[in-house]
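Q: Spelled out from the first residue to the last, the chains are:
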Amino acid sequence: MNQALVIQPGLLSTIQDQGRMGCRHWGIPQSGAMDQHSALVANRLLGNNESDAILEISLMGPKLQFEAKTQIAVAGAVFEMELNGAPIPMQQAITVEAGDVFHLKRLVYGCRAYLAVQGGWQTEQVLDSRSWYPGLTTHHRLRKGQSLAYPEFKEKVPDPSQNSVVQSPNWSESRLAVFAGSEFDQLSLAKQKRLFGLPLHLSPLMNRMAMQLEETLENRLPGLMTGPVVPGTVQLTPSGTLIVLMRDAQVTGGYPRVLQLTAQAIDLMAQKKQGDPVQFVRHQRFDEGIPRSL
Amino acid sequence: MREEMPIFSRLNEHSLLLQWKEKGNPIDLETLLFYKTKLQNKNTQSILEINNTYNSLLITYDCTIENIDSAFEAIAELIKDEEAPIQRSIRRFTLPVCYAAEFAMDQQEVSAYLKLPFEEVISLHSSFNYRIDFLGFLPGFPYLSGLPSELHMPRKKNPVQQVPQGAVGLAETQTGIYPQSSPGGWQIIGQTPVMIFDGQQQPPSPFLPGDEIRFQAIDEDQFMRLSEKVKSGMYTWQVETLSS
Chain S
3 MNQALVIQPG
13 LLSTIQDQGR
23 MGCRHWGIPQ
33 SGAMDQHSAL
43 VANRLLGNNE
53 SDAILEISLM
63 GPKLQFEAKT
73 QIAVAGAVFE
83 MELNGAPIPM
93 QQAITVEAGD
103 VFHLKRLVYG
113 CRAYLAVQGG
123 WQTEQVLDSR
133 SWYPGLTTHH
143 RLRKGQSLAY
153 PEFKEKVPDP
163 SQNSVVQSPN
173 WSESRLAVFA
183 GSEFDQLSLA
193 KQKRLFGLPL
203 HLSPLMNRMA
213 MQLEETLENR
223 LPGLMTGPVV
233 PGTVQLTPSG
243 TLIVLMRDAQ
253 VTGGYPRVLQ
263 LTAQAIDLMA
273 QKKQGDPVQF
283 VRHQRFDEGI
293 PRSL
Chain L
82 MREEMPIFSR
92 LNEHSLLLQW
102 KEKGNPIDLE
112 TLLFYKTKLQ
122 NKNTQSILEI
132 NNTYNSLLIT
142 YDCTIENIDS
152 AFEAIAELIK
162 DEEAPIQRSI
172 RRFTLPVCYA
182 AEFAMDQQEV
192 SAYLKLPFEE
202 VISLHSSFNY
212 RIDFLGFLPG
222 FPYLSGLPSE
232 LHMPRKKNPV
242 QQVPQGAVGL
252 AETQTGIYPQ
262 SSPGGWQIIG
272 QTPVMIFDGQ
282 QQPPSPFLPG
292 DEIRFQAIDE
302 DQFMRLSEKV
312 KSGMYTWQVE
322 TLSS
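One line per chain: the protein sequences are S and L, in this order. FYI, in the working numbering the residues of the first sequence are 3 to 296. FYI, in the working numbering the residues of the second sequence are 82 to 325.
These are calculated hints, taken from the structure and not from any lab test. Where is the CB? At the ideal position from N, CA and C, for every residue including glycine. It is possible that some hints are incorrect.
Stated by the list, open to error - No more than 30 Å apart at the CA atoms, straight line, and that leaves these computed lysine-lysine pairs for DSSO-like:
id	chain 1	residue 1	chain 2	residue 2
1	S	65	S	146
2	L	238	L	196
3	S	146	S	156
4	L	123	S	146
5	S	193	L	102
6	S	158	S	71
7	S	65	S	275
8	S	195	L	312
9	L	123	L	102
Stated by the list, open to error - Here are some, though not all, of the chain S residues that point toward chain L, as calculated from beta-carbon distances under 7 Å:
id	residue
10	24
11	29
12	67
13	188
14	200
15	226
16	228
17	293
18	295
Stated by the list, open to error - Computed spacing ranges between beta-carbons, pair by pair:
id	chain 1	residue 1	chain 2	residue 2	range
19	L	323	S	295	49 to 55 Å
20	S	154	L	282	28 to 34 Å
21	L	143	S	153	49 to 55 Å
22	L	183	S	171	50 to 56 Å
23	L	123	S	153	39 to 45 Å
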């Protein structure tokens, strides 16, 4: 096993994969890459498995030194990046040699980038996942001086079909497709309409658990008995704040669930920053989220 | 067996939400777990997990649900099925708790609010069996019911930054145990030396919905001795199986 040494950790860099499934009954969040699509793209560029662990990088990138030859690829948010001080492109496989220093420098567009290494990062596995989560895994954010393990380099014949998956969505897209949340139909028609009206904006309060919106919606709904919530659930608090739950969200919550983002909308949301506009739009299966008797 | 049908909705691409929300006649946990076990026993391969809260079941599939109506109907059929499921036996865990002042940071506030001497709070808290409704909030955090009304009190107005791992607290009609140190707003009355959640163990928590917890008062010396046992991996859970 080889190691990459962390020279600078960046703002919030974490190891993630597709998440920890089947662990809700222990109260364990799903976790996993915030933007699953971009993580998949990074892995495919190297011919990795979809479930291989990647490094998720938010807003400000890390500087890593590789102790042995391998291939890396970066997808997701657009960053200026360098290998040994020379600019290198995103969205393609790049060979690094022993001693090379990789630096993800300045964020240009989006919010989160994904650094894949050939064969996937070989960090600790807890409950069948390498996704970092505070209180569960030994590490929960990248630290200076830490090392990340990666497998021995293997020569691979490039597979041209993999280039077909590197298309990224249009991140200037502010429209987020949603299903009705299970308490949506308890809102007055006027309030339902406001959820789909003018663009809403991202507040600075955001992390891997949840992202809040600036605009509020007066809330007269009664509190709920604690019930299930999942990534993408939009909760309405008693003070009228809209909170979009993300990958590290708790598994249960007590606020009315007014909307539910689609998987694709969660990926898009993960690339939004403070002040960015978002607009909820009805998915064609919107009404299936409204509870009904059979 | 009374037959109650829930209301159905899609939660996201691959999960369904079943809610029993009849006003004035809330579903009891036994009935909810009865339905949950029924569905689990008939588990089709595509169901990844079934979770309960107080009045809901979340059914998570390993793929996108294409036809929601047939998914709803398949579940409704299973609920209507008259065959009684084989229920697992309920376990009662005895959890040692030290209620001494150094572990009970909110002792004075609790006594003042409840108008009870703290000895009385300890005696009440440790003489009931609490049912585990489900786990949530933090990994391994059990939602417990059965707190006597004499011990009901509101959460703190301002949460504290650091509640220690193992802290036992009160909030509204509930009592609970912090599986890890965390910010929190519960009124802390004691601490258990036992690690109730450990991600490195399989399973990471021994608790299942329907199981019971009973608190046993211990002194500081016992707390220290048990802490050492827990650290060295020598602690064994005190648990009895209840006939159902």
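Q: State for each hint whether it applies.
A: Tested hints:
Note on residue 65 (chain S) and residue 146 (chain S): the hinted pairing holds, with a Cα-Cα distance of about 9 Å set against a maximum of 30 Å. Between the alpha carbons of residue 238 (chain L) and residue 196 (chain L) the distance comes to roughly 19 Å, so the proposed pair stays at or under 30 Å and holds. Between residue 146 (chain S) and residue 156 (chain S) the CA atoms are separated by roughly 28 Å; this keeps the pair inside 30 Å, and the hint holds. Only pairs whose Cα atoms come within 30 Å are accepted, and residue 123 (chain L) paired with residue 146 (chain S) is rejected, the gap being roughly 50 Å.
Taking the CA atoms of residue 193 (chain S) and residue 102 (chain L), the gap is near 23 Å; set against the 30 Å cutoff, the hint holds. Note on residue 158 (chain S) and residue 71 (chain S): the hinted pairing holds, with a Cα-Cα distance of about 13 Å set against a maximum of 30 Å. Restraint check for residue 65 (chain S) and residue 275 (chain S): the C-alpha separation of about 22 Å stays at or below 30 Å, so the hint holds. Simply put, residue 195 (chain S) and residue 312 (chain L) have alpha-carbon atoms about 56 Å apart, too far for the 30 Å limit, and the pair is violated.
For the given pair, residue 123 (chain L) sits about 24 Å from residue 102 (chain L) by alpha-carbon distance, which is consistent with the 30 Å threshold. Given the 7 Å rule on beta carbons, the hint for residue 24 (chain S) holds: about 5 Å separates it from the nearest Cβ of chain L. Here the hint on residue 29 (chain S) is kept, as its CB sits about 4 Å from the closest CB of chain L, short of 7 Å. Violation of the interface hint for residue 67 (chain S) is found here, the shortest Cβ-Cβ separation to chain L being roughly 30 Å, above the 7 Å cut-off.
The restraint placing residue 188 (chain S) at the interface with chain L is violated, with a minimum CB-CB distance near 11 Å, outside the 7 Å limit. Annotation: residue 200 (chain S) was flagged as interfacial toward chain L, and the flag is violated, the nearest CB pair being 25 Å apart, outside 7 Å. The beta carbon of residue 226 (chain S) is not positioned within 7 Å of any beta carbon in chain L (closest approach about 9 Å), and the interface hint is therefore violated. The closest approach between the C-beta of residue 228 (chain S) and any C-beta of chain L is roughly 6 Å, which is under the 7 Å cut-off, so the hint is satisfied.
Of the supplied interface hints, the one on residue 293 (chain S) holds, with its beta-carbon coming within about 4 Å of a beta-carbon of chain L, less than 7 Å. The beta carbon of residue 295 (chain S) comes within 5 Å of a beta carbon in chain L, closer than 7 Å, and the hint placing it at the interface holds. Checked against the given bound of 49 to 55 Å, the beta carbons of residue 323 (chain L) and residue 295 (chain S), roughly 35 Å apart, lie outside it. A beta carbon spacing of about 31 Å between residue 154 (chain S) and residue 282 (chain L) agrees with the range 28 to 34 Å that was offered as a hint.
A C-beta distance of roughly 28 Å is found between residue 143 (chain L) and residue 153 (chain S), which places it outside the suggested range of 49 to 55 Å. At about 55 Å, the beta-carbon gap between residue 183 (chain L) and residue 171 (chain S) stays in the expected band of 50 to 56 Å. At about 42 Å, the beta-carbon gap between residue 123 (chain L) and residue 153 (chain S) stays in the expected band of 39 to 45 Å.
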